[in-house]
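Keeping the supplied structure of chain F fixed, place chain G upon it in accordance with the hints.
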Amino acid sequence: MTSSQQEATPIIRANKMNKFFGVFHALKDIDLTVARGETVVLCGPSGSGKSTLIRCLNALENHQKGELEVAGVQLTGKRREIDMVRRKTGMVFQSFNLFPHMTVLENCMIAQMRVKKTSKEDARKVAERFLARVHIPEQAGKYPAQLSGGQQQRVAIARALCMSPEVMLFDEPTSALDPEMVREVLETMVELAREGSTMICVTHEMNFARKVANKVVFMDQGSILEIAKPDDFFTNPQHERAKEFLAQILH
Amino acid sequence: MMFQDFTMAHVYYMLNGLLWTIGLALIALTGGSIAGSVLALMAVSRNKLARRIAKLYIFVVQGTPLLVTLFIAYFGANYVGVDVPPLVAISIAFSFYAAAFLGEIWRGSINSVPMGQSEGSHALGLSRVDSMRFIIIPQAVKIATPPTVGFFVMLIKNTSLASVVSITELTRTSQIVSNATFKPLQVYLLAALFYFLVCFPLTIVSRRLEKRLHKS
Chain F
1 MTSSQQEATP IIRANKMNKF FGVFHALKDI DLTVARGETV VLCGPSGSGK
51 STLIRCLNAL ENHQKGELEV AGVQLTGKRR EIDMVRRKTG MVFQSFNLFP
101 HMTVLENCMI AQMRVKKTSK EDARKVAERF LARVHIPEQA GKYPAQLSGG
151 QQQRVAIARA LCMSPEVMLF DEPTSALDPE MVREVLETMV ELAREGSTMI
201 CVTHEMNFAR KVANKVVFMD QGSILEIAKP DDFFTNPQHE RAKEFLAQIL
251 H
Chain G
1 MMFQDFTMAH VYYMLNGLLW TIGLALIALT GGSIAGSVLA LMAVSRNKLA
51 RRIAKLYIFV VQGTPLLVTL FIAYFGANYV GVDVPPLVAI SIAFSFYAAA
101 FLGEIWRGSI NSVPMGQSEG SHALGLSRVD SMRFIIIPQA VKIATPPTVG
151 FFVMLIKNTS LASVVSITEL TRTSQIVSNA TFKPLQVYLL AALFYFLVCF
201 PLTIVSRRLE KRLHKS
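Listed in order, the protein sequences are those of chains F and G. Residues in the first sequence are numbered from 1 upward in steps of one, following our numbering. Residues in the second sequence are numbered from 1 upward in steps of one, following our numbering.
No lab work stands behind these hints: they were computed from the structure. Please note that a few of the clues may not be correct.
In silico DSS-like cross-links for lysine-lysine, where the CA-CA straight-line distance does not exceed 25 Å [said to hold, decoys possible]: (1) F:K142 with G:K142; (2) F:K243 with F:K229; (3) F:K116 with F:K65; (4) F:K78 with F:K28; (5) F:K88 with F:K116; (6) F:K78 with G:K48; (7) G:K48 with F:K142; (8) G:K211 with G:K142.
A few chain G positions that, by computed beta-carbon distances, are all more than 10 Å from chain F [said to hold, decoys possible]: (9) F6; (10) L18; (11) S33; (12) P85; (13) S95; (14) L124; (15) L126; (16) F134; (17) I135; (18) A192; (19) E210.
A short, non-exhaustive set of chain G residues, derived as facing chain F with CB atoms under 8 Å [unchecked claim]: (20) A35; (21) H122; (22) Q139.
Cβ atoms here follow ideal geometry from the backbone N, Cα and C, with glycine treated the same way.
Chain F on its own, in the form it takes in the complex (with noise of 0.2 Å):
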């Protein structure tokens, strides 16, 4: 594939795809199409699937109908496409989930080695450059426990960036922080997107979907009701639902 046909196309390409827990129809015939560069927010009432959605692009759930292609990998449940997608795809938790048994550095350099076996020292230098880029260099040390929230999401992001992903997943990154930390994850996120990353985000922030996103996807039990460019949505949200939303949520 030459890069400009890799360019064109899309790095989600979701079709009718739906997902059950049990009998819990948890997404309902899901169309999605996320271009290379692309910034895109999902939002949506708790409960909506968006979580979910956000879970089946690196297949930490499976959907049971339809098509969902990824970074060029048709997922079909088989073991081999799971393993490419989840290599080029970087996600950032709510909780972070940073190993606690591993310091700062130690945390950026694990996947490295083991997926990409790329040698320590390499990965190191990597890891560094990363740990600069979200601006915690001086972290590198120490343990996660040791970090404030803000700084613990910073490293999660460092850590994915360092597997230079093909796209990032956000799964509401600011929803555990103190207000104070906030800020300083979501203005490394913007400096992420300014720089032309692909992101797919999972959050409330609305200012940060009008700085930044390119579009916004609007679910609500289970469905994408809208997806519209944040200018739009945010002056003239054409579903009911998601103007109580709006309503509720910038208020």
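For chain G alone, kept in the frame of chain F given last:
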């Protein structure tokens, strides 16, 4: 005179028994740890059959008195025509017993590492084996250490049951000395002291580890 005096010779004989006690415990710990890790990994594996076998094994062994297990090993081996020395049969029985308890302790420890840890490692592309090896097990070991040491102490004391099937470990030698000298109080107090001297350092280690865990 019908009874012998309680002499140093008897104490040496009991110390010899103590060596057997320690030997028996070490065999049970080694065998039990190996089989216990396999059981723990089976119990958390994705394979349903492996999980069921591990659970069934743990249920059966935990639900059976150790003494009965020892009798089965001792008499059963001869009954099915396997000619093994009693000591070997008993060591194997202790290993089976230890495996069930250690397997259960370690399964619980692995499961109590938060879900987010395996999700975090999978999201980074780490394989299941690597995730276990580098992320889950190092954290599970910390959680498992105090109960494991606690079980070791219990196991050392439980080797005294082997005296019932004539293994000349500490309790059995104490019985013999007690019968010969008719000084049961002195003899068993000494035996208790020997057990204590072996177990006490382990209890101390366990306390220390627990404290260190609370700190981190």
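Open item on the list: Which constraints among the numbered hints does this structure fail? Numbers only, ascending.
Closed with: The structure breaks hints 3, 7, 14, 15, 16, 17, 20; every other hint is satisfied.
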